[in-house]
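Here the UniProt record's numbering is used: the first residue of the sequence shown is 1, the next is one more, and so on.
A few of these clues could be false.
As the list claims (entries may be wrong) - Straight-line alpha carbon distances no greater than 35 Å define the calculated DSBU-like cross-link-like pairs of lysine-lysine that follow:
id: 1; residue 1: K98; residue 2: K133
id: 2; residue 1: K73; residue 2: K24
id: 3; residue 1: K127; residue 2: K98
id: 4; residue 1: K94; residue 2: K73
id: 5; residue 1: K73; residue 2: K98
id: 6; residue 1: K67; residue 2: K133
id: 7; residue 1: K73; residue 2: K133
id: 8; residue 1: K133; residue 2: K94
id: 9; residue 1: K98; residue 2: K67
id: 10; residue 1: K67; residue 2: K33
id: 11; residue 1: K127; residue 2: K94
id: 12; residue 1: K24; residue 2: K94
id: 13; residue 1: K165; residue 2: K24
id: 14; residue 1: K67; residue 2: K24
id: 15; residue 1: K67; residue 2: K94
id: 16; residue 1: K33; residue 2: K165
id: 17; residue 1: K33; residue 2: K94
id: 18; residue 1: K33; residue 2: K98
id: 19; residue 1: K73; residue 2: K165
No lab work stands behind these hints: they were computed from the structure.
Given the structure is predicted, the values throughout are model-derived calculations rather than measurements.
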Amino acid sequence: MSDLIYLRGYPEQILQQVSQLIHKQQLGDWLAKRYPAQHEIQSDLALFDYVTELKNRYMRNVSAISKVRYDSKLSVVHHALGLNVRKAQLQGNKIRRKHDIIIASVFRETAPEFLRMIAVHELAHLKEPQHDKAFYQLCTHMEPAYHQLEFDFRLYMTQRDLVRKSQNTEE
1 MSDLIYLRGY PEQILQQVSQ LIHKQQLGDW LAKRYPAQHE IQSDLALFDY
51 VTELKNRYMR NVSAISKVRY DSKLSVVHHA LGLNVRKAQL QGNKIRRKHD
101 IIIASVFRET APEFLRMIAV HELAHLKEPQ HDKAFYQLCT HMEPAYHQLE
151 FDFRLYMTQR DLVRKSQNTE E
C-alpha cells in the first residue's frame, strides 16, 4: 500500500478496495469509464474565463480575480494542486489588492469534473482561508459532488503514477 500516497488518511477498508483494483489492474478502466472525457480548457486565458464564470455564479460579493493560470512547477506530491496568492500593491494613496489563482498543470489533461473541483477549491479560499467546516461547505455549495471528486482525483493521481512506474520499468 506504499503506492497509495495520495490516499493517506483514508480508512483501511477504502485502501484495501483501491489496492484490489490496482492488483487486478482495473483502476484505470474504472476511472476511464467514470470520467471518459477530457476538458478543452488548455490556455491560461480560457482557464481565467472558466474560473471567473464560476466565481460570478457563486461568489459575486468576493473581490475580482486578477490572474488564473496553469503552472507546471507546482508539486502535486507536496499537496499543492493549486495556490491562491494574495498581493497588495500601493498605488499613490490607495492599496490595490490582487488575487491570483494558480492551478497545477496536471489539470490540463484531466476530466472536466476534476478541473471544476480544483477551481471550486481555490475559489473557496478567496472567502475561507483555512480548510475548515465553512470552507468545505462553500466547496459543496459550488460543487455538490466535491468530496467524491477530490477522492476520485486522488485515485487518478495514483493510477497516473502507476502507469509512469510501469513505463519506466519497461525501458
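Do the hints match the structure? See the list:
no. : hint       : verdict
1   : K98 x K133 : holds, 26 Å
2   : K73 x K24  : holds, 33 Å
3   : K127 x K98 : holds, 14 Å
4   : K94 x K73  : holds, 33 Å
5   : K73 x K98  : holds, 21 Å
6   : K67 x K133 : holds, 27 Å
7   : K73 x K133 : holds, 29 Å
8   : K133 x K94 : holds, 34 Å
9   : K98 x K67  : holds, 8 Å
10  : K67 x K33  : holds, 34 Å
11  : K127 x K94 : holds, 22 Å
12  : K24 x K94  : violated, 61 Å
13  : K165 x K24 : holds, 16 Å
14  : K67 x K24  : violated, 43 Å
15  : K67 x K94  : holds, 20 Å
16  : K33 x K165 : holds, 22 Å
17  : K33 x K94  : violated, 52 Å
18  : K33 x K98  : violated, 40 Å
19  : K73 x K165 : holds, 20 Å
Going through the hint list in order, the structure does not satisfy hints 12, 14, 17 and 18.
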